[in-house]
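J.: In case you want the letters, here they are:
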Amino acid sequence: MTDPSLVDAQEPLEGVIKDEVFRMYQEVADHPENEFHFFHGRAAAEMFGYDADWLARAPAGALASFAGVGNPHERSALQPGETVVDLGAGAGLDGIIASWQVGPTGRVIGIDLNPAMCLKAQAHAAETGSTVECHEGRMEEIPLPDETADVVLSNGVINLSFRKRRVIKEIFRVLKPGGRISITDIVSARQLSQSIVNDPKLWAS
Amino acid sequence: MFGLFDDAGFTRVRSTVVPGFRFKKESTRNAAEGYGVKAVLFTALKPA
Chain A
1 MTDPSLVDAQ EPLEGVIKDE VFRMYQEVAD HPENEFHFFH GRAAAEMFGY
51 DADWLARAPA GALASFAGVG NPHERSALQP GETVVDLGAG AGLDGIIASW
101 QVGPTGRVIG IDLNPAMCLK AQAHAAETGS TVECHEGRME EIPLPDETAD
151 VVLSNGVINL SFRKRRVIKE IFRVLKPGGR ISITDIVSAR QLSQSIVNDP
201 KLWAS
Chain B
1 MFGLFDDAGF TRVRSTVVPG FRFKKESTRN AAEGYGVKAV LFTALKPA
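First to last, the protein sequences are chains A and B. Residues in the first sequence are numbered from 1 upward in steps of one, following my numbering. Residues in the second sequence are numbered from 1 upward in steps of one, following my numbering.
It is worth saying that the hints were derived from the structure and are not from the lab. Given the structure is predicted, the values throughout are model-derived calculations rather than measurements. Where a beta carbon is used, it is the ideal one built from N, C-alpha and C, also for glycine. You can trust all of the hints, since none of them are fake.
Here are the simulated lysine-lysine pairs, DSS-like style, with alpha carbons at most 27 angstroms apart:
#1 18(A) <-> 38(B)
#2 24(B) <-> 38(B)
#3 164(A) <-> 176(A)
#4 25(B) <-> 164(A)
#5 24(B) <-> 18(A)
#6 164(A) <-> 38(B)
Pair ranges (Cβ atoms, derived):
#7 27(B) <-> 23(A): 18 to 28 angstroms
#8 144(A) <-> 48(B): 11 to 21 angstroms
#9 77(A) <-> 2(B): 12 to 22 angstroms
#10 75(A) <-> 48(B): 18 to 28 angstroms
#11 9(B) <-> 143(A): 18 to 28 angstroms
#12 177(A) <-> 16(B): 18 to 28 angstroms
#13 16(B) <-> 190(A): 19 to 29 angstroms
#14 177(A) <-> 27(B): 42 to 52 angstroms
#15 12(B) <-> 165(A): 13 to 23 angstroms
#16 33(A) <-> 48(B): 43 to 53 angstroms
#17 30(A) <-> 36(B): 28 to 38 angstroms
#18 105(A) <-> 31(B): 39 to 49 angstroms
For the chain B half of the interface with chain A, some residues (derived, Cβ under 8 angstroms), not all of them:
#19 4
#20 9
#21 28
#22 44
#23 46
#24 48
The shape of chain A in the complex, shown without the other chains (with noise of 0.2 angstroms):
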């Protein structure tokens, strides 16, 4: 557990965090030609196994901009008619792609910090024919009800939070029960030094 007080003296750094994290992937999806820590676009979508047909059918603004650290569909298992959450939907690929698999009769719901990802989601899944509705909220309080969800979809987002505990707890909240995750996330073995932990720019790649 947490302990209260050092969470509150890590608030205005929690600020900081929040804020690098809202410019970095807003450059990424602003500007995939450029170079960032981590491997993004069709290079990474390619490096973590997605479907080739998939990318194929991907709109071309989504792919550039994936920032994902790994395939969350690999072991998702989504059925048509199923209602998934997308926590940190970004430029949308992955819940394009979920919105492919669960169809017309199922609901893909994108949650992001930035308003401007949202818009981008929601225009990227329009130009393929499907729906992605995104709403702008923290992970750390999920703007939905409780059991909302049969699936929770994330790639590469948790880590960026300063209150994973929370985090984890609010997808706990919106699954229905016997729904289920598939969240592919970046973990150290080790714990960060506090100079990694201050770097607001590390912290957010």
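Assemble chain B onto chain A, guided by the hints.
T.: For chain B alone, coordinates are given in the frame of chain A:
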């Protein structure tokens, strides 16, 4: 993070290392390797 899923009430928590994950920038990659940073795919169920 594995323990956080257990603590939240999830069951059948499974994790698999994502093969091939690495950072692009060499300095970040080297630092990440020093800390044992990996990408992991987590799956789990909320009890019915």
